[in-house]
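Novice: Chains as they are written, first to last, in UniProt numbering: chain A, 1 to 473; chain B, 1 to 93.
In short, the hints are calculated from the structure, not lab data.
Keep in mind the model is a prediction, meaning the values are calculated, not measured.
For every residue, glycine included, the Cβ atom is placed at its ideal position computed from N, Cα and C.
Fair warning: there could be bad hints in the mix.
Each pair of labels, with its calculated beta carbon distance range [claimed, not checked]:
1) B:R15 / A:M1: 29 to 37 Å
2) A:L295 / B:S32: 39 to 47 Å
3) B:V43 / A:D211: 51 to 59 Å
4) A:E75 / B:V43: 30 to 38 Å
5) A:D278 / B:K46: 23 to 31 Å
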Amino acid sequence: MVYENPDGVRIGLEVHVQLNKLNTKLFCGCSTDYHNDEPNTHVCPVCLGLPGSLPVINERAVEFAIRIGLALNCEIVEQTQFHRKNYYYPDLPKGFQTTQYDYPIAGKGKVVIEGEDGERVIRITRAHMEEDPGKLQHIGTIEKSKGTLINYNRSGMTLIEIVSEPDMRSPKEARRYLDKLRSILDYLEVFDGDLEGAMRVDANVSVYGGDRAEVKNISSFKGAERALLYEIMRQKNQVRRGEKIVMETRHFDEARGVTISMRTKEEEHDYRYFPEPDLVPLRVADRAPAILKALPELPDAKRERFLQQYGMSGMHARALTTEIKVANFYEEVAAKVDPKDAAVWVADILKGELNYRDLDIDAFAVEDTVAVIGLVTENKITEQSGVEIIRTVLDHGGKPQDIVKERGLLKVEDDIVAQAVEEAINESQEAVADYLAGKEKSLNFIVGKVMQKTKGRADAREAREKVLAKIKG
Amino acid sequence: MITKEEVEHVGWLARVEIDEKESDVYAEKLNSVLDYFGQLDEVDTKDVPPTYHVMDVVNVFREDVVKESMPQDIVLSNTEHKKEGNFKSPRIM
Chain A
1 MVYENPDGVR IGLEVHVQLN KLNTKLFCGC STDYHNDEPN THVCPVCLGL PGSLPVINER
61 AVEFAIRIGL ALNCEIVEQT QFHRKNYYYP DLPKGFQTTQ YDYPIAGKGK VVIEGEDGER
121 VIRITRAHME EDPGKLQHIG TIEKSKGTLI NYNRSGMTLI EIVSEPDMRS PKEARRYLDK
181 LRSILDYLEV FDGDLEGAMR VDANVSVYGG DRAEVKNISS FKGAERALLY EIMRQKNQVR
241 RGEKIVMETR HFDEARGVTI SMRTKEEEHD YRYFPEPDLV PLRVADRAPA ILKALPELPD
301 AKRERFLQQY GMSGMHARAL TTEIKVANFY EEVAAKVDPK DAAVWVADIL KGELNYRDLD
361 IDAFAVEDTV AVIGLVTENK ITEQSGVEII RTVLDHGGKP QDIVKERGLL KVEDDIVAQA
421 VEEAINESQE AVADYLAGKE KSLNFIVGKV MQKTKGRADA REAREKVLAK IKG
Chain B
1 MITKEEVEHV GWLARVEIDE KESDVYAEKL NSVLDYFGQL DEVDTKDVPP TYHVMDVVNV
61 FREDVVKESM PQDIVLSNTE HKKEGNFKSP RIM
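Bound conformation, chain A alone (with noise of 0.2 Å):
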């Protein structure tokens, strides 16, 4: 099946990543946990943009740069440098934004996604460094504002901006992007994707081969969705109406889901790029080897050998291997029971239970789920009791064996059962008669010592059947 791609969309994605797992910003040593604190807190003369004061760039800031080129199947360039972007605006106490120009650190690479109809290859054409604005915050609502508040500690985080070609075709395929990078940053434990703002996304959208359109303030993934079939929608109708799509910057309200037109008179050529002159430039390329060598298996490589290594199928090593964590919790557990039993348990139900309860893979021990699946493989409990179990854990806390006890979840195995047929039949001889003679109500009294033997857990009906057969046999 080929995708027809009937309205000729093209969406282009840039993709801001925070590297808050640094311990400090781009160019100062201020603090990067700075998201339970006071504003400006975390601010120096350099993020405050104070005359006289000089950045300094952080060397691990770009070793994470070329490690996520490299993940995206970057080259890595020669040499670059910092250039500033002029532009007046309050998120910049300096009046301009300290960032990559015309040699990025990392371009020409490539990341794989499930597309609408198989994989699909989307070209990254750059990922750039440049440091995070600060946060502004309306007085009241955005149209009756009566201010803005400025907090800077933001100012001067370290951001890769990850800039796709426009090679995805609807929303959906934006969608698996933006998750399969969120994998492979998650791989590459340079930043908390958790974390507010640890990735924004602004779209650049066009149909029929028309001009585009690029939407800004996207601030979920969800929202990216949402954003999407708007402008698409918008874009469609306006070609319809036989009106022209004129190239502009649309902003995403959220809460109304629309796009709304921002009226600029800023244009590129107004940003008067220019090297920054406080920085000297980088040669780093050589750098490349070693990272390269370092570099963590990432979800294909990891959903390759899942499938080789455990014979699961392809959807479980795709559920399995998408967060870095769920991948290393089904290891821990493969290694104690079953792979394949391994792989069930934990992407078809554990995963499930989890999603439900919106909680992660951190809320349930790798011990306690090589006690569930081996009480099922064992044949003790019953699969609907292992969930049972899991479920328990889940909404009230517990340990998988003492569940399994306070719940008298034991499967009753069938020579138990037997047994206690026996031996109730054994000690009810004058009941046995009064059921020969016709008294059919004395058989309740065997069956009811049958379950009294088996604490409950026997299948009443099971056992009236076989205290029948034994008495009439």
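Following the hints, put chain B in place on chain A, whose structure we already have.
Specialist: Relative to chain A, chain B alone:
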């Protein structure tokens, strides 16, 4: 040649108000500066690689080690416009 309109546009980019009279004066002044720099164009630089930096130094780094930041009251001491630890600006769209 820099026109009056360009002066006004550059003024707008920097959010500086420039009135009619000023834009005439600045256009003239800026043009004379540009003319002066224009003399550089007379030099043949066909085979000279561009200079991005005046010093022949590369790779000046610092380690990823946290240094103390400034106290909030010092950070805000240069502004009269503040609220709850934030800088405050007029409303921005």
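Novice: Against this structure, judge whether each hint is valid.
Specialist: For each hint, the structure was consulted:
no.: 1; hint: B:R15 / A:M1: 29 to 37 Å; verdict: violated, 54 Å
no.: 2; hint: A:L295 / B:S32: 39 to 47 Å; verdict: violated, 56 Å
no.: 3; hint: B:V43 / A:D211: 51 to 59 Å; verdict: violated, 41 Å
no.: 4; hint: A:E75 / B:V43: 30 to 38 Å; verdict: holds, 34 Å
no.: 5; hint: A:D278 / B:K46: 23 to 31 Å; verdict: holds, 30 Å
Hints 1, 2 and 3 from the earlier list are contradicted by this structure; the remaining hints agree with it.
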